[in-house]
Each structure stands twice: as structure tokens, then as C-alpha cells.
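Novice: The listed protein sequences derive, respectively, from chains D and U.
Residue 184 in my numbering sits at position 184 of the first sequence, and the numbers go up by one each step.
Position in the second sequence (from 1) plus 236 gives the number in my numbering.
Everything labelled a hint here was simulated from the structure, so no lab data went into it.
Just so we're clear, the structure is a prediction, and the values are computed from it rather than from any experiment.
Careful, some of the hints might be misleading.
To be verified - To give an idea of the chain D side of the interface with chain U (calculated C-beta under 10 Å), a few residues:
1) 3
2) 22
3) 23
4) 94
5) 111
6) 134
7) 158
8) 206
9) 218
Where a beta carbon is used, it is the ideal one built from N, C-alpha and C, also for glycine.
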Amino acid sequence: MLFGDEGQERLKKAHIFIAGAGGLGSPVSLYLAVAGIGTITIVDMDVVDQSNLNRQILHNDRDIGKKKTVSAEEKLTAVNPDITVHAIDTRINESNAATLIGNADGIVDAMDNYPTRYLLNNVAIHMTIPLFHGAIHGFYGQATTIIPGKTPCLKCIFPRAPPGEVSPVVGATAGVIGTVQATEVIKYLLQSGDLLTNRLFVWDGLAGRADEIHAERMPCCPACGGLTPDKGGKNK
Amino acid sequence: MTVKVRFFARFRELLGTDIPAEPEDGATLLSLVRDLALKKKEGYDAIFDGHGNFHEFVIVMRNGKRVEHDDVGAVKVADGDEIAVFPPVAGG
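So here's chain D without its partners, still in its complex pose:
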């Protein structure tokens, strides 16, 4: 086995929180499920629409009109009946975010807007849980792994939200970034390889190029500026 019994057991004992069951949430949740992550909580409040199907590969044509959480739970338990899936139909907000995330070992940002991303970032910092960020538009994508107190947080890198988009996205872009995020989660849980920390992975599908931009913590960051490394995340 690639991970050995011990590694597989670590994945089995892990609990990962996935915010969003859309374009990014689809590949992230499917790959984490088949990797054997023992508990997956996935949250979404939308209903499957035909326009989602070019990229949200967790949902099929026959799911149109169904809650995404219902569809997600069906698919994830179908690909791996040995895991526990909590699919929660709600909008993540300031009052419920920490409770929803609970004792998760990692938070996957598969959202489509920055206000909720900043909220996840705050909870990650407050609870010292790693945050696996991803975002996409068209043929472009970005990803980074945030270990609170040790690496730049989302606000250090993106202090101001880009304009909201109704994103035309090539489904394969969600595949590229979502699988990078899933890989990061698995590496983090296995303590294996080099995490995508202090680096922003930048995918340009049009140019066929992957780059990285070095990133540093901002001492004056309003979100994580006061956090010291010894208070940093539970980097196993």
C-alpha cells in the first residue's frame, strides 16, 4: 500500500470538513472519500441545477432538483461505504461556522465567495485547524495550504476580495485545483512531502503552465497578525 497500514489508519481516523459541494467540493470530496478519510463533513445549501453539471462531477443529470447534500452523500457513500459522511444542508455563517467545523482535522475551502472564505479563515485561525484554500475562474486556478500561526493566512495573501463572479469555469480547472487540495489534505494527515505552505500555486490552463508565488505572513494582518508560531495549527 502506498501509505502503509499506519498511514491508512491515520486517514481512517481523520475528520475533514469540506465547505461546498460544487465545482471544487466535487473532486475534493470524491478523492478524499476514495482515499479512505474516515469522516467527511460536507456543507452546501444549494439544489443541483443543470448548469452545474459541466463541472460539479459529484452530481448527475438525474440529480437535478435534488439537494446537493443528498446527492453528495449518495455518491460518497457509494464510492466508499466504509466511511462516514455528514452532509449538512445549510449556509455557513458567522454563528454556525465553528459548530459545523467542530473537531475537524482540516477545513477545505471549496467555496465560491470570499466573505465565506474569510469566515473559514477566521475559524481556522481561532481553532488552529489547517485551511486548504482553492479558487477557480475559467481556465485559471489557485491553491495554498494555511497552517495558522506558521504560514500566511488567507487575509495575508488576499487582503481584499476580488469582485464576485458568476464564474464560467471549465470543469477540468475545478479538477486540477480540487485534486491539488485533496492531495494537500492527504499529505498533511500523513505528514508526508512538502505542503503547499508559504506558496500560492497558480494554474493557468490556457498557457498550460503552473507557477508558484512565494508568500509571507503579514505582521499587520488583521486576521492572524497576533498569532505566534508556538500557538500555530495542529501540524501533525
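With the hints as your guide, set chain U onto chain D.
Specialist: Only chain U this time, still in chain D's reference frame:
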């Protein structure tokens, strides 16, 4: 002095990337990027607002460190600098 400017994603599509530049002494991050972007109006408009300032969401990094927009007009570029200009994306 020689510096390199890297545009990413849509900015790269419009302006190219890994552009070597030889700015004059005293050039700032703002003047350097503005001069390069002015070569193509669409690229300029993607990066700058009507007042000639970076759109507020544009990330400007000098040698890996993000520079606040309030400072880009004051920070002078130095020989060997690598400047990255990046538009974050929002979708998921």
C-alpha cells in the same frame, strides 16, 4: 538596473509575462507596472482603475512579499527585483 515583472492569469493573457524591464533610477512599483501595462489598453484597464491606481483586489508582490497598495507609489524598485502582479480568482 534590470528587473523582471511576472503577470499571472488574465493579466498574462493580456500583457505577457516574465517581462524584463530596465526602469530608470527612482522608478516605483506603481510607475514600473503602469508603464508596462500602458502598452495594451485592455491590460491596463484590467489592472488599474480610472485614477491610475491598482484595482483594490490586485495583488502586487516584490520578491515574494506582498506590498500594500498604499505603498506601491513609494516603494522604489531595485536591481534584480522580481515583481509579481496577480488577480485572485473567486469561483469554486
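Novice: Now tell me if each hint is right for this structure.
Specialist: Hints, one by one, checked against the model:
1. 3: With Cβ-Cβ at 28 Å, over 10 Å, it is violated.
2. 22: Constraint on residue 22 of chain D satisfied, holds at 6 Å.
3. 23: At 6 Å from the nearest chain U Cβ, residue 23 of chain D passes the 10 Å test, so the hint holds.
4. 94: violated (19 Å)
5. 111: OK, holds: residue 111 of chain D within 10 Å of chain U, min 5 Å.
6. 134: Hint on residue 134 of chain D: holds, closest Cβ of chain U at ~7 Å, below 10 Å.
7. 158: For residue 158 of chain D, the interface hint holds, since the closest Cβ of chain U sits about 5 Å away, which is under 10 Å.
8. 206: Interface hint status for residue 206 of chain D: holds (6 Å vs cutoff 10 Å).
9. 218: holds (7 Å)
When the structure is compared with the earlier hints, violations turn up for hints 1, 4 and for no others.
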